[in-house]
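**Q** Chain residues, written in single-letter form:
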Amino acid sequence: MPSVCLYFQVHQPMRVRKYRVFDVGNSREYFNDRSGTSLDNKFIIEKVAKKSYLPANKVLLENIRRNPDFKVSFSISGLALEQFEEFAPEVISSFKELVDTGNVELLSETYYHSLASIYSKDEFLEQVKLHRKKLRDLFGVTPTVFRNTELVYNNEIAKLAEEMGYRGILAEGVDRILGWRSPTFVYKPSGTKNIKALLKHYKLSDDIAFRFGQKEWNEWPLTGDKFAEWISNYNGNGQVVNLFMDYETFGEHQWEDTGIFEFLRYLPEAILRNAGNDFLTVSEVLDKYDSVDTIDVPEYISWADTERDLSAWLSNDLQREALDSIYTLGKEISHVEDPDLLRDWRRLQTSDHFYYMCTKYWNDGDVHKYFSPYETPHEAFIAYMNVLHDMRLRLGEIKKNEIVGIPIRKLKPLRFSEV
Amino acid sequence: MFGWEFPPFNSGGLGVACEGMARALSIKGVDLSFVLPYKLPIKKNWCSIIFADETTSFKNMDDIVNMTSGYERGLKKDHLYHPVSKSTPKQNSIMGRVFKYARSAPSIAKGIEHSIIHSHDWLTYPAGIMAKSVSKKPLVAHIHATEFDRCGGENINKDIFEIEKEGFSKADMVVAVSGKTRKTVLEKYKIDPDKVRVVHNGVDFVDEKVDIHHDLEILKKYGASVVLFVGRITLQKGPDYFVALAQQVLKFEPKTFFVVSGSGDMEGSMISEVSRRGLTDHFIFCGFLRGLELRRVFKVADVFVMPSVSEPFGIVPLEAMLSDIPVLISKESGVSEVVSEVLKSHFWDVDDMTDKVVNILRHKKLKEHLSINGKREAQNINWGKAADSLLSIYNDLILTSS
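Note that the protein sequences, when read in sequence, are chains S and A. Heads up: the first sequence is residues 1 to 419, going by my numbering. Heads up: the second sequence is residues 1 to 402, going by my numbering.
The following block holds chain S by itself, in its conformation from the complex (with noise of 0.2 Å):
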């Protein structure tokens, strides 16, 4: 009898280039790498759009036209829409087709898949913003769930997103949190009035975005039935069964010749033969069922590593570093208002950044080091300080021609009303 909700997330950063010391106060050009490796932009949203997201997203087209019951959930990152944009701007109307069978709902996130809810309340309010803009322009839809940038969470981001208007806030079904409850019922943000969380059941996900693949696992392969017949075991002790991944997943992480596709195109079928089954979407699944008791969750969390955590930005100084050096140069930038300076601060602040700056397990071989464009940690933060140099220099520059009465247009800030 439960629900399968399925909730993809789409991103992909601006990855810096190998930007040197050489070349602070010489070029603009953090993110321009055209080596055709993984430091080029391009060549990964095409790469990635080629093997990922458009033969997904024609087996989920197919899947709902075959099945008017399938549903699925999508957040896209505002960086993802704008590469796509520019690289790849079939993938943008092979989601618009998705969008437009009405059975498929986007969630909202910050533009930059940034790290702003734990570091500048106002920034995380204008990020949101933002990607609202995107996708009501892009798509003209206007999301009533959020997600926040790598499920990252705690009482005080559920208390901000009903604030920011939003009925339902995805998170990482913890253990340590919940203890002896099920991620398979909805929750009530503790401190909040009506809005509602999803928790990921992590097993039951891991199962299919990093097990599917693997020949040595037991369960290996994983079949449609098999796992249907694990969502069925939730019949009678559970509501909702969340899978929550990232897309890539499909054909990227997990390889064509692994069979996920099949996997994916068989799974509406597998799962809807027992009868009571279905899926939904996550704001049909805060219609249809109620919260059962409440979360309370004052430490953060986030679905990154084993540690669900934010160890996978902030546990070394040198993450620490980039990020209070990104943050305290926002505070003079949000005061001279430079679009250009503007964006590409903003572009530095995706988790990627700080993610690539990682040493725990970089030995072991570790999803950091799959993940990562940098040869090592200290590469990646190499590069992004000396990029950091460079807009400290630019800063100056627009400050002094301030000072010199050379008159700077005002940003229009955005209105929640208005998007």
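I should point out that these hints are in silico values taken from the structure, not numbers from a laboratory. If you're wondering where the values come from, they're calculated on a predicted model, not measured in any experiment. The reader is advised that the hints may include incorrect statements.
To be verified - Computed cross-link-like contacts, DSS-like style, restricted to lysine-lysine with a CA-CA straight-line distance of at most 30 Å:
| # | chain 1 | residue 1 | chain 2 | residue 2 |
| --- | --- | --- | --- | --- |
| 1 | A | Lys365 | S | Lys18 |
| 2 | S | Lys50 | S | Lys134 |
| 3 | A | Lys365 | S | Lys121 |
As the list claims (entries may be wrong) - To spell it out: a stretch of chain A is covered by chain S in this simulated footprint if at least three of its residues, at any positions, have a beta carbon under 8 Å from a beta carbon of chain S; those stretches are:
| # | region |
| --- | --- |
| 4 | 337-351 |
| 5 | 354-360 |
| 6 | 367-379 |
As the list claims (entries may be wrong) - Chain S is nowhere near these chain A residues, computed Cβ spacing over 12 Å in every case:
| # | residue |
| --- | --- |
| 7 | Phe6 |
| 8 | Gly96 |
| 9 | Ile112 |
| 10 | His114 |
| 11 | Ser133 |
| 12 | Tyr189 |
| 13 | Asp194 |
| 14 | Asp207 |
| 15 | His214 |
| 16 | Lys221 |
| 17 | Gly268 |
| 18 | Gly287 |
| 19 | Leu289 |
| 20 | Gly384 |
| 21 | Thr400 |
| 22 | Ser401 |
We put the CB at the ideal spot given by N, CA and C, even for glycine.
For this one, chain S is given, so just place chain A on it according to the hints.
**A** Positioned in the frame of chain S, the structure of chain A alone reads:
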């Protein structure tokens, strides 16, 4: 165990590695006799030291290092001016001394009961082979540096190459100090891959309070940064890249000094290159330092750079890491296979090295991160681990030979 040099009478890393390895093996219970070619005032309570030639007497330290060194002044001059020849070795040439050493090996092998013969580098391979011919015990040929490493890949000495190749071929097991060195042994000497294992070197941690070298302390007071080069000043170590690096770094951080510890056949040309580029005011040459003296120089450094063109292993960066210094090493070094809390560049990529050095000098957090985590990492790369690997090799050999 046949060695050639031994601290403090060493000219380079070979002696240091031999001592560290021998001591760790002794601690693990190996009854070890360490053989050296000449009589030297060395006594160790953890192993017996045997001198092949009991009669030698040396006038002074320089004399000793000259005589025992297989790498520095002695050899390089032979290389350049008197081609070493195996067929007619001059009595006092390096080749003459190597074979004189070998001739004494059989009687040493007869005199000491042993189950393994372990030889270090080509200088001692003939001795090892001779000993094996007498005792029929398994021979381990340890390779710390090949002729290709010493010559930067070109103009190798054919005779030395032949001795190395014979040593590898006649040995029951070849132990290389890095994966990179193993690759050279396989590719250039065509040795059976099953016979060549990698045992990375280690480093001994000396926990002691060291004060800054007084001559350099004044630099610190002046608020200057110090970039350090330690090693023989030879082609292999990339001193010219260090000078080029200095020139670039000074464009960004003009209050930087470059301290060079070491000596070698390129010392003169390095000094003139420094002056040609107008960097004399920013360079300090302090000669070959060892032990406490070296650690006092480490204390003052903000970053240690090893731009080696070719480095089979390279223990000095590990020593620098133990002294809390951030380290930049070339990707061409064997030690880069075992460390990750360091920065790495290609030796020829002066721009990349500049970027890294300048960032260490500019970012206190990066400097701290590397020094704290680097030290922790280096403490785990110890001779005990190397000795465990050697012991398992010894045991395998003893099992198969009996």
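**Q** Now tell me, hint by hint, if it's right for this structure.
**A** Hints, verified against the model:
no. : hint                  : result
1   : Lys365(A) - Lys18(S)  : holds (20 Å)
2   : Lys50(S) - Lys134(S)  : holds (23 Å)
3   : Lys365(A) - Lys121(S) : holds (26 Å)
4   : 337-351               : holds (count 5)
5   : 354-360               : holds (count 5)
6   : 367-379               : holds (count 4)
7   : Phe6                  : holds (34 Å)
8   : Gly96                 : holds (47 Å)
9   : Ile112                : holds (42 Å)
10  : His114                : holds (38 Å)
11  : Ser133                : holds (44 Å)
12  : Tyr189                : holds (31 Å)
13  : Asp194                : holds (26 Å)
14  : Asp207                : holds (24 Å)
15  : His214                : holds (32 Å)
16  : Lys221                : holds (26 Å)
17  : Gly268                : holds (31 Å)
18  : Gly287                : holds (32 Å)
19  : Leu289                : holds (28 Å)
20  : Gly384                : holds (20 Å)
21  : Thr400                : holds (33 Å)
22  : Ser401                : holds (37 Å)
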